[in-house]
Amino acid sequence: MKRLIALVLLWTLALAQGLEAFWKAVEVPGGVCADGSPYRFYVSPGDPKKVVIDFQGGGACWDQATCNPQSPTYRKRVDVQELYLAQGIYNRMSVANPFFGWTHVFVPYCTGDLHVGRATVDYGGFKVHHQGARNAQAALEYVFRNHTNPERVFVTGCSAGAYGAVLWADKVLATYKNAQIAVCGDAGVGVVTGDFPGFAVWNPRLPELPGLSSPPKVAEVYRALAQAYPKAVLAQYTTLLDGTQIYFYALMKREAAPSEATAREWAASAQEAVLTPAQAPNYTFYLAPGGQHCILPRPELYTLKVGEVSFLEWLKALAEGKTPPRVRP
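Residues -21 to -1, 1 to 308 in mature numbering (1 follows the signal peptide of the UniProt record, and there is no 0) are what the sequence shown spells out, letter by letter.
Don't read these hints as lab results, they were simulated from the structure. Small disclaimer: the values here were computed from a predicted structure and weren't measured. Glycine is no exception: its CB is placed at the ideal position from the N, C-alpha and C atoms. Worth double-checking, as some hints may not be accurate.
Said to hold, decoys possible - Beta-carbon label-pair distances, calculated as ranges:
| no. | residue 1 | residue 2 | range |
| --- | --- | --- | --- |
| 1 | 124 | 240 | 48 to 54 Å |
| 2 | 47 | 238 | 38 to 44 Å |
| 3 | 66 | 299 | 21 to 27 Å |
| 4 | 248 | 66 | 28 to 34 Å |
Please construct the entire structure, taking both the sequences and the accompanying hints into account.
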């Protein structure tokens, strides 16, 4: 009863204070978004020994067509709608949330470069600041400075944030050698065309792991992380016909809208990408039917079930440092 009263009082305070009741903005000196606007990240305080490092999604851009100021394919400045909606893992009031009571560090995404860019590019009349690496590095340094010896760390992100999570995971794993760490990419399986120019354009900060090609395939990174850090748990989630991932794959093929052949091609490649690291015993995945993009920011996090395995229980196991079963329809 006392806990329920405390939660009601906290909720009342949240309604009165808005976003600031749960999330503290941390300004980043020198941090910059695609359009030159300033960068900041957000922290929701909780147990200092349990930390979520969460990379936001929001598309990408890599050429004049996708990077122009009117393009809808990427965020151009800090936008934290997930925090306002407070669904999925952002529901800080729900005791059903596997990360209820944890410290949650939210790393906004506004640079069009999967959180790893180190370039400012002139696309012919307009510039885009692909400086995601600078921004992400500042957020991670804050975490490392303020949480020197956590017991559990969960590194994640939806869509472009899934790439941010896996491409920065080596830094987290190398820093926290004694923590239980899970890395979970949500709806970013890394299917790209052979001539995709993004990494060359962005001049990215990439994982420091042996055996990776240049640039590395996402499946390679998961496999390399699982091998280099056998005590960690590596995981992926996606739907089998993720409409947003198919859309971006079609853009890489210069299709205005995805053809049926492109959708089938993506689906086959996506399953291969998810299954490739499966030789590692500390790697797992959750494949779901349908075409919805991402699950961590959505209420379906609490209701989805494939076969006999609910996503919520699967996610709870990850949060506890366990390797849950591999799930597919």
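Right, here's what the structure says about each hint:
1. 124 <-> 240: 48 to 54 Å: holds, 50 Å
2. 47 <-> 238: 38 to 44 Å: violated, 24 Å
3. 66 <-> 299: 21 to 27 Å: holds, 22 Å
4. 248 <-> 66: 28 to 34 Å: Roughly 30 Å apart at Cβ, these two residues keep to the hinted range, so it holds.
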